[in-house]
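Protein chains in written order, with this note's numbering: chain A, 2 to 199; chain B, 2 to 199; chain C, 4 to 207; chain D, 4 to 207.
In case anyone wonders, no lab produced these hints; they're calculated from the structure. Because the structure is a prediction, the values reported are computed rather than measured. Treat each hint with caution, since some may be false.
What the hints assert, rightly or not - Rough simulated footprint, nothing fancy, chain C against chain A, three-plus residues with beta-carbon under 8 Å:
no.	segment
1	23-36
2	84-98
3	105-113
Said to hold, decoys possible - For each label pair, taking beta carbons as the anchor points, the in silico distance ranges come out as:
no.	chain 1	residue 1	chain 2	residue 2	range
4	A	Lys177	D	Ala207	54 to 62 Å
5	C	Glu93	A	Lys32	14 to 22 Å
6	C	Pro156	D	Ala116	28 to 36 Å
7	B	Thr140	A	Gly79	32 to 40 Å
Using N, Cα and C, we set each Cβ at its ideal position, and we do this for glycine too.
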Amino acid sequence: MPDSSNIQQNTASVEQRIDAIEAMFEARGMKAREAIDEFEHTIEEKWIPENGARVVAKAWTDPEFKKRLLANGRAAVGELGLTMPPHHRHLVVKENSPTLQNVICCTLCSCTAFSIIGLPPDWYKDLEYRSRIVRQSRTVLKELGLDLPESIYIRVWDTTADTRYMILPVQPEHTKGWSEEELAKIVTKDAMIGVARL
Amino acid sequence: MPDSSNIQQNTASVEQRIDAIEAMFEARGMKAREAIDEFEHTIEEKWIPENGARVVAKAWTDPEFKKRLLANGRAAVGELGLTMPPHHRHLVVKENSPTLQNVICCTLCSCTAFSIIGLPPDWYKDLEYRSRIVRQSRTVLKELGLDLPESIYIRVWDTTADTRYMILPVQPEHTKGWSEEELAKIVTKDAMIGVARL
Amino acid sequence: MDGVHDMGGRQGFGRVRHSPKAQTFHEPWEKRVNALYSLAVRLGIFNMDEYRHAIERMEPRHYLSASYYERSLTSLATLCVEKGIFTREELERYAQGQVPLSLPIGPGRANVATRQKFKIGDRVRVRNEHVSGHVRAPGYTRGKAGVVVDITPAYPFPDAHAHGIHAEDEPTYDVRFNAEELWPNSADKAHVHVGVFESYLERA
Amino acid sequence: MDGVHDMGGRQGFGRVRHSPKAQTFHEPWEKRVNALYSLAVRLGIFNMDEYRHAIERMEPRHYLSASYYERSLTSLATLCVEKGIFTREELERYAQGQVPLSLPIGPGRANVATRQKFKIGDRVRVRNEHVSGHVRAPGYTRGKAGVVVDITPAYPFPDAHAHGIHAEDEPTYDVRFNAEELWPNSADKAHVHVGVFESYLERA
Numbered sequence: 002m003p004d005s006s007n008i009q010q011n012t013a014s015v016e017q018r019i020d021a022i023e024a025m026f027e028a029r030g031m032k033a034r035e036a037i038d039e040f041e042h043t044i045e046e047k048w049i050p051e052n053g054a055r056v057v058a059k060a061w062t063d064p065e066f067k068k069r070l071l072a073n074g075r076a077a078v079g080e081l082g083l084t085m086p087p088h089h090r091h092l093v094v095k096e097n098s099p100t101l102q103n104v105i106c107c108t109l110c111s112c113t114a115f116s117i118i119g120l121p122p123d124w125y126k127d128l129e130y131r132s133r134i135v136r137q138s139r140t141v142l143k144e145l146g147l148d149l150p151e152s153i154y155i156r157v158w159d160t161t162a163d164t165r166y167m168i169l170p171v172q173p174e175h176t177k178g179w180s181e182e183e184l185a186k187i188v189t190k191d192a193m194i195g196v197a198r199l
Numbered sequence: 002m003p004d005s006s007n008i009q010q011n012t013a014s015v016e017q018r019i020d021a022i023e024a025m026f027e028a029r030g031m032k033a034r035e036a037i038d039e040f041e042h043t044i045e046e047k048w049i050p051e052n053g054a055r056v057v058a059k060a061w062t063d064p065e066f067k068k069r070l071l072a073n074g075r076a077a078v079g080e081l082g083l084t085m086p087p088h089h090r091h092l093v094v095k096e097n098s099p100t101l102q103n104v105i106c107c108t109l110c111s112c113t114a115f116s117i118i119g120l121p122p123d124w125y126k127d128l129e130y131r132s133r134i135v136r137q138s139r140t141v142l143k144e145l146g147l148d149l150p151e152s153i154y155i156r157v158w159d160t161t162a163d164t165r166y167m168i169l170p171v172q173p174e175h176t177k178g179w180s181e182e183e184l185a186k187i188v189t190k191d192a193m194i195g196v197a198r199l
Numbered sequence: 004m005d006g007v008h009d010m011g012g013r014q015g016f017g018r019v020r021h022s023p024k025a026q027t028f029h030e031p032w033e034k035r036v037n038a039l040y041s042l043a044v045r046l047g048i049f050n051m052d053e054y055r056h057a058i059e060r061m062e063p064r065h066y067l068s069a070s071y072y073e074r075s076l077t078s079l080a081t082l083c084v085e086k087g088i089f090t091r092e093e094l095e096r097y098a099q100g101q102v103p104l105s106l107p108i109g110p111g112r113a114n115v116a117t118r119q120k121f122k123i124g125d126r127v128r129v130r131n132e133h134v135s136g137h138v139r140a141p142g143y144t145r146g147k148a149g150v151v152v153d154i155t156p157a158y159p160f161p162d163a164h165a166h167g168i169h170a171e172d173e174p175t176y177d178v179r180f181n182a183e184e185l186w187p188n189s190a191d192k193a194h195v196h197v198g199v200f201e202s203y204l205e206r207a
Numbered sequence: 004m005d006g007v008h009d010m011g012g013r014q015g016f017g018r019v020r021h022s023p024k025a026q027t028f029h030e031p032w033e034k035r036v037n038a039l040y041s042l043a044v045r046l047g048i049f050n051m052d053e054y055r056h057a058i059e060r061m062e063p064r065h066y067l068s069a070s071y072y073e074r075s076l077t078s079l080a081t082l083c084v085e086k087g088i089f090t091r092e093e094l095e096r097y098a099q100g101q102v103p104l105s106l107p108i109g110p111g112r113a114n115v116a117t118r119q120k121f122k123i124g125d126r127v128r129v130r131n132e133h134v135s136g137h138v139r140a141p142g143y144t145r146g147k148a149g150v151v152v153d154i155t156p157a158y159p160f161p162d163a164h165a166h167g168i169h170a171e172d173e174p175t176y177d178v179r180f181n182a183e184e185l186w187p188n189s190a191d192k193a194h195v196h197v198g199v200f201e202s203y204l205e206r207a
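Whenever a hint applies, use it, and build me the whole structure from the sequences.
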């Protein structure tokens, strides 16, 4: 009996397992199919990084909005019609500067402000990112293509409570004067996680 | 790509892997087959718990030997013709008493005095024993069938250097006066690891 | 608990598989897992702390070998069995095979009675304690000192909330640590900020 | 290194599979693995510290899912490739498939220049340090104080010996810790004794 014997030969596949749960939920009148359809609609239409991009673009062009956003993120994104689930009681927005790079992670699971910046990418939830970003921040950012000069200081935010975080990137010099709509197009999910600069 | 993607579909089986190493060793004149035959002979004939049982029986019946055993285990077992590999520079023997239970483990790998007490059993090398015995000693011993009264204190020896350990169990009252040969028959590997009393 | 899920600072992992076009989901079943555990939370079958702790309770080998969504799935299945929505037997009959579940839950704890309020600028230390149930202080902060730089609104205390114990709300403090103090001589220079519940902290 | 191999005190594992008639080997190939890594050590291809560290360098998911002898096998294969006995390509050709190897080795370190001698009865503390290479102080002893109860003969310093760095012999001290101090409020009462190399210790 090898160590790995806990994984049985006749284990149901992940598809069989979720099929079973879906069927049992349906049998109990818990409207599983409806919830799945609604979820698929929500992630395609509502929980999209374009939300966060709009927030960033507005903060770049409206100094008063930016002040409100940094003071109370949840209330400020509400001005743009964006909402968060009830258990995300607070949205904290951290602003990058020419000498500061903020980056977010969750070492214990993989929490994110998904209704604002979109659901997290696969790598964000991987054990590699969770284990290494807090301890080897500069090294990992470099591996991800963000080779920061020593003059840029790094702050890592390990978001282990239900407060959610997003990063406000530095506006690129050449985009000064662009419209909000044009600016929103250049804002990426990676930049709002803090693993890329624009 | 799931997290477990590092385990490839076309990975060679463990048998294929060791076949390959054996064949390449042979091709280089490294006498792999001979080493395997010799090893199989050694573990069946030489590295057997009967060695340690003889040591224990002698210590129970010869107080002067016991003194030498507790002072310098390696030299004392040498008196019985028992040897240890060169990198096992020292054998430490810890004596149990009516109020003390010693137990050995290796949390970092699974080192043992295998030439004296025999190669370690499967469970000794498992992650369960390695993780839990140092922190939940009394609980784990109970799960292994050794339900110690509170009056017996526990010492766990985490043998993370190349010094090797064995436990000298308490001689059962009813065996007083038995011959060394008879006594040796009741000494188990578990008792010399310290997870059983006799 | 000092489980394998407590990943921060653990060594031995390779490069992050990053691409600018990275996806969230790779297989259709993953979306169904996400949808149905969200549904279960909305229906009040379990809360997010119970959900996270049930992932942590996965057999450690299973935790590490499973994908993110298999972990979610295992938590969902485990909690539905534990809460009596269906039995393990029914689940396995429907699934036509064995379904690995998380290991049994142990005792939790209530909010720490001796907890104190802190203010921005206070120097604090994460208590040197080992909580066997659910806990949201990463292991790498244990016993380490930092500075309170912000205070965020109160949440239910997760150590209680994950175990069905009455959980009072308490603030989380945004505590700033130096990476070099967290991992002397073996970390990149940076500040690491962690949202730490009041019960986990003492004055440094 | 703070790897998954550092098991002492980690929670989440289930019961020990114990039986009085437990075997060492379950499959014939396991004996061949044991025989051939022992042969490689006798031939001077690698030493036991290199062997242990190559196991620790296994990809963490592979480490946890592999059996004991698959870990031995992976170390043997990795070191033979790293030492130039055969190439990975040749190995995989012979094996007719891919062979998972351990991740690359990082830098080691020499004996600590400032190490001190201790005597029986001295109160000592395991230095609060994080060594990224091979190290034989279990993580649970880091920063913890205990008492020297015995001194055992000198061995090559493993942090150097596993990395091909000149390793001076140094004593190991048998240090007695209280389980309740190692894991406050969450350990069974006991003494835990660890053989600690001199370089890992400072006066408490």
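Structure-based check of each hint:
Residues of the segment 23-36 of chain A lying with their CB closer than 8 Å to a CB of chain C number 9, which satisfies the three-residue condition for coverage. Residues of the segment 84-98 of chain A with a Cβ under 8 Å from some Cβ of chain C number 4, which satisfies the need for three, so the listed coverage holds. By the rule of at least three residues with a Cβ nearer than 8 Å to a Cβ of chain C, the coverage given for the segment 105-113 of chain A holds, with 4 such residues. Checking the proposed 54 to 62 Å range against Lys177 of chain A and Ala207 of chain D shows it holds: the Cβ atoms sit about 59 Å from each other.
Between Glu93 of chain C and Lys32 of chain A the C-beta distance comes to about 19 Å, which sits within the given range of 14 to 22 Å. The hint said 28 to 36 Å for the Cβ distance between Pro156 of chain C and Ala116 of chain D, and at roughly 51 Å that hint is violated. A beta carbon spacing of about 51 Å between Thr140 of chain B and Gly79 of chain A contradicts the range 32 to 40 Å that was offered as a hint.
In this structure, the hints that do not hold are numbers 6, 7, in rising order.
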